[in-house]
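Could you build all of it, start to finish, from the sequences and the hints given here?
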Amino acid sequence: MSIVIYIAVMAGVTYLVRMIPFTLMKKKIYSRFLKSFLYYIPYAVLSAMTIPAIFYSTGDVLTALLGTVVAVILAYIGLPLIVVALAASGTALIASLLR
Amino acid sequence: MRLGFRRGLIHGIPIALGYFSVSFGFGIMAVRAGLTVMEAVCISMTNLTSAGQAAGVSVIAASGTYIEMAVTQFIINIRYSLMGLSLSQKLDSSFNTAHRLVVSFGITDEIFAVSSAQPSKLTPRYMYGLILISFIGWSSGTLLGAAAGNILPSIITDAMGIVLYGMFLAIIIPAAKKSRSVLLAIVIAALISTVLYYAVPRLSSGFAVIISSVISAFIAAILFPVPEEEEKKE
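Residue numbers (this note's numbering), protein chains in the order written: chain D, -17 to 81; chain W, 1257 to 1490.
To be clear, the hints were calculated from the coordinates, so they are not data collected in a lab.
We put the CB at the ideal spot given by N, CA and C, even for glycine.
Heads up, some of the hints might be wrong.
Stated by the list, open to error - Short, incomplete list of chain W residues facing chain D, as computed with Cβ under 7 Å: (1) T1302; (2) A1307; (3) A1326; (4) S1342; (5) S1344; (6) T1413; (7) D1414; (8) A1473.
Unchecked claim - Straight-line Cα separation of at most 27 Å, DSSO-like style, residue types lysine-lysine; simulated pairs: (9) W:K1434 <-> W:K1346; (10) D:K9 <-> W:K1377; (11) D:K17 <-> W:K1434; (12) W:K1346 <-> W:K1377; (13) D:K17 <-> W:K1377; (14) W:K1433 <-> D:K8; (15) W:K1346 <-> D:K9; (16) W:K1434 <-> W:K1377; (17) W:K1346 <-> W:K1433; (18) W:K1346 <-> D:K17; (19) D:K8 <-> W:K1377; (20) D:K8 <-> W:K1346.
Claimed, not checked - Partial pick of chain D residues on the chain W-facing surface, computed with a CB cut under 10 Å: (21) P3; (22) K17; (23) I23; (24) S78.
Take a look at the structure:
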């Protein structure tokens, strides 16, 4: 087994699943249902990726939970992405130092 | 406002920071699994994906077959097809085939998240900015993690694990605040994903994301079809 072939297979498959729909789908979708479906997909994907994974993201459920609460509050206020992201991390760091 | 290269770079800063910390962890993991620093960096520069790379390294470490590698990557990364399809409906008219071929390399969870949250059509330049800075964060994090992974205290790398999820929340929560139907889609997806996480622990995270998001977007699309005006805004 060669490491070069392993990497080539990984990169090749990963590129193809990204490239095929994105490059070949040049038509505008007119179906109202399909349009609505694709409109909700980003939010659904992000939500499914975040929950419950966020609670295990720091290796300690308590610090992750505190980071999540801070992120939710700041996101609700409408602060920029970077502020919310770093505040969540900073909260988790402070919480783990105090623990 | 037109989405140019510089805006792409700026919007990519939180992604790059998050990537740096995640790929730092990937670098440490790859070297522990027996790969060289060069090999780890090479994987990051050609794959640009977290879950797929982690799974790939474990296939390599276990001396798995090439078929096993291909199937693993396909299953974990097939969600990118769904994202690519969604993004294909949001492209500026200047997006020709050549641009599509290059930009498709950079469709990741985070780049998809940030670009699909933009109110206007996506331009190739914006996407290049977003992808370039994310690529730099991902590759340099891998390099440092692989070369000097044990220098940074774990208390810091642990806390960095939440950065990207924090960014996701910053995207979905304001959208849910504005629209009840988006809120519904988010809640259903979170519920299904949580049930799958505990009830079917062997299911790959990539598949769990597809199942949860397809069901929830399906329900939301049936109950609340998007009105014509909102489509134009996109």
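Status of each hint after checking the structure:
| no. | hint | verdict |
| --- | --- | --- |
| 1 | T1302 | holds (4 Å) |
| 2 | A1307 | violated (10 Å) |
| 3 | A1326 | holds (5 Å) |
| 4 | S1342 | holds (5 Å) |
| 5 | S1344 | holds (4 Å) |
| 6 | T1413 | violated (9 Å) |
| 7 | D1414 | holds (5 Å) |
| 8 | A1473 | holds (4 Å) |
| 9 | W:K1434 <-> W:K1346 | holds (21 Å) |
| 10 | D:K9 <-> W:K1377 | holds (15 Å) |
| 11 | D:K17 <-> W:K1434 | holds (19 Å) |
| 12 | W:K1346 <-> W:K1377 | holds (5 Å) |
| 13 | D:K17 <-> W:K1377 | holds (15 Å) |
| 14 | W:K1433 <-> D:K8 | violated (32 Å) |
| 15 | W:K1346 <-> D:K9 | holds (11 Å) |
| 16 | W:K1434 <-> W:K1377 | holds (20 Å) |
| 17 | W:K1346 <-> W:K1433 | holds (23 Å) |
| 18 | W:K1346 <-> D:K17 | holds (11 Å) |
| 19 | D:K8 <-> W:K1377 | holds (14 Å) |
| 20 | D:K8 <-> W:K1346 | holds (11 Å) |
| 21 | P3 | holds (4 Å) |
| 22 | K17 | holds (6 Å) |
| 23 | I23 | holds (5 Å) |
| 24 | S78 | holds (6 Å) |
Checked against the numbered hints listed earlier, the structure breaks hints 2, 6 and 14; every other hint is satisfied.
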